[in-house]
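S.K.: Single-letter residue listing:
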Amino acid sequence: MHMVCAITPVPTLPAAVPGPGFADPVFGAQAVFRAVMNALARPGRPAALVAGFTPPVPLTPEAAAVVLALCDHETPIWLDAPLAAVPEVAAFLRFHTGAPVVTDPAAARFALIADPMGMPDLAAFPTGTPDYPDASATLVLQVSGLADAGTDAVSLHLEGPGVKGAERIAAGPLPADLARRLAANRRLFPRGVDLILAAPGAVVGLPRSTLVREG
Amino acid sequence: MNAMVTGSEAEMPEIGYNFAYLDEQTKRMIRRAILKAIAIPGYQVPFAAREMPMPYGWGTGGVQVTAAVLGPDDVLKVIDQGADDTTNAVAIRGFFEKTARVATTTRTGEASVIQTRHRIPEQKLSEDQILVYQVPIPEPLRFLEPRETETRELHALAEYGLMHVKLYEDIARHGHIATTYAYPVEVAGRYVMDPSPIPKFDNPKMDDCPALQLFGAGREKRIYAIPPYTRVVSLDFEDHPFEVQHFAKPCAMCGARGVYLDEVILDDRGGRMFVCSDTDHCETRQAEGHHGEMWGGMLAEDAR
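Here the protein sequences line up with chains H and Z, keeping their order. Under this note's numbering, the first sequence has 57 at position 57, and the numbering climbs by one with no breaks. Under this note's numbering, the second sequence has 1022 at position 22, and the numbering climbs by one with no breaks.
Some hints here could point you the wrong way.
For lysine to any residue, the following SDA-like pairs were computed, each having C-alpha atoms within a straight-line distance of at most 25 Å [unchecked claim]: (1) H:LYS164 - Z:THR1149; (2) H:LYS164 - Z:PRO1204; (3) H:LYS164 - Z:GLU1127; (4) Z:LYS1221 - H:PHE189; (5) Z:LYS1221 - H:THR75; (6) Z:LYS1221 - H:ASP72; (7) Z:LYS1221 - H:ALA29; (8) Z:LYS1098 - H:PHE189; (9) H:LYS164 - Z:THR1284; (10) H:LYS164 - Z:LYS1221; (11) H:LYS164 - Z:LYS1098.
If you're looking for bench data, these hints aren't it; they were derived computationally from the structure.
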């Protein structure tokens, strides 16, 4: 008997297939988590982080690695204007994490910020409630450098839990009034948002518990 | 060491288990809770604790935190009341040897992750170490106020008068603060926290500790943390300052002073001895040639 086969069209791949994420999702995510955990446990001290993959620009490998390690369907992600302008970024994040990408910063659990100079006020993101201060956003800020940070760099003096004595960190580009913004965030404690600076090859944590001033 | 689980079948972990038993979504959920716990020192972060292949009360919270933190290059130590060789410690160490194939040790100095039930090791911890506590009841106010909605409110308002009343009642009744374990602490000047049922002897070790301290309560579904170099103060009164236990005699096996000792009953005629609760500390000292009053006697008895 002869089968009459209908000719089915060859499925065509979408214009841009999302590139690969972690080479090993289990150990890649674990290593990145440990870097982020160490960074938040020791504010201001850079923790080495190697992503091992290349996300679509302007998303940097380090910022992407943090999101791929920590985000899933439970964590809406907010993208700032430069990232939202490139559809491949949202497609890449959705493909690898399954996380919804939201446009309202108040609905986000994670925020990815490629241009910290133009970032919204920290209080635009969820800061938790007095009963549940953990129901708050984590902001991942892409910076181009830590020690040698160029003209738009800010220098911060840090004290508080996780800091032995005092720590000093320079990073940029960051808003010139970042210390003031972080101080306002600290005044909300235990509410507030937590910041992760994603620099080439390292992350720096600035949790809400840290006392920040310029210097 | 077991860097990758690919390769020959001999190197594969137990069939059907992800690395360190938990699935990746569970690990992400726990990891996010750990990060918030670190950002808000002493605050109890709710998390969706899973059923583990061991009963509640046997360290399911600590096991889940350890599983979320652990990597292939970690060296794990597990202690139960200071001992590496008790049932709980042996079972949990075996669990991670089987499901994560990580290296394990009994030496405090060699471990990168130490899971503990009810003790902090005597040896000072380093910056490269993580101490994971098993916590039965994370809420320090629970026996004073049974309603979760109320205790949550009390934490939100930093209203800890109840706890001071409890400690005051100790003084009124006994003449001193009679709380000897799970002694409440204030973390980073904000949250009052249950340090888990460690003896109050260990409380000072939590203050300004170079290591990261993570707490997991499985049945109660809470994770909390003390970042390194954080101020941890045991609650007290000006006229009744916090004090740790003192022991009349040194360890009977290694002669150590200023360590926490366990009482061991030797016979049915009132014979007893006090030995280090931290078995690694005691064995290390004995190997270094330190001996207590019973050391020779034990050897002579072994010889018989």
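S.K.: Each of the hints needs a verdict: does it hold here or not?
M.R.: Now for the hints, and whether the structure bears them out:
no.	hint	verdict
1	H:LYS164 - Z:THR1149	35 Å, violated
2	H:LYS164 - Z:PRO1204	17 Å, holds
3	H:LYS164 - Z:GLU1127	11 Å, holds
4	Z:LYS1221 - H:PHE189	23 Å, holds
5	Z:LYS1221 - H:THR75	19 Å, holds
6	Z:LYS1221 - H:ASP72	20 Å, holds
7	Z:LYS1221 - H:ALA29	23 Å, holds
8	Z:LYS1098 - H:PHE189	42 Å, violated
9	H:LYS164 - Z:THR1284	30 Å, violated
10	H:LYS164 - Z:LYS1221	31 Å, violated
11	H:LYS164 - Z:LYS1098	37 Å, violated
Taken one by one, the earlier hints fail for this structure at numbers 1, 8, 9, 10, 11, listed in ascending order.
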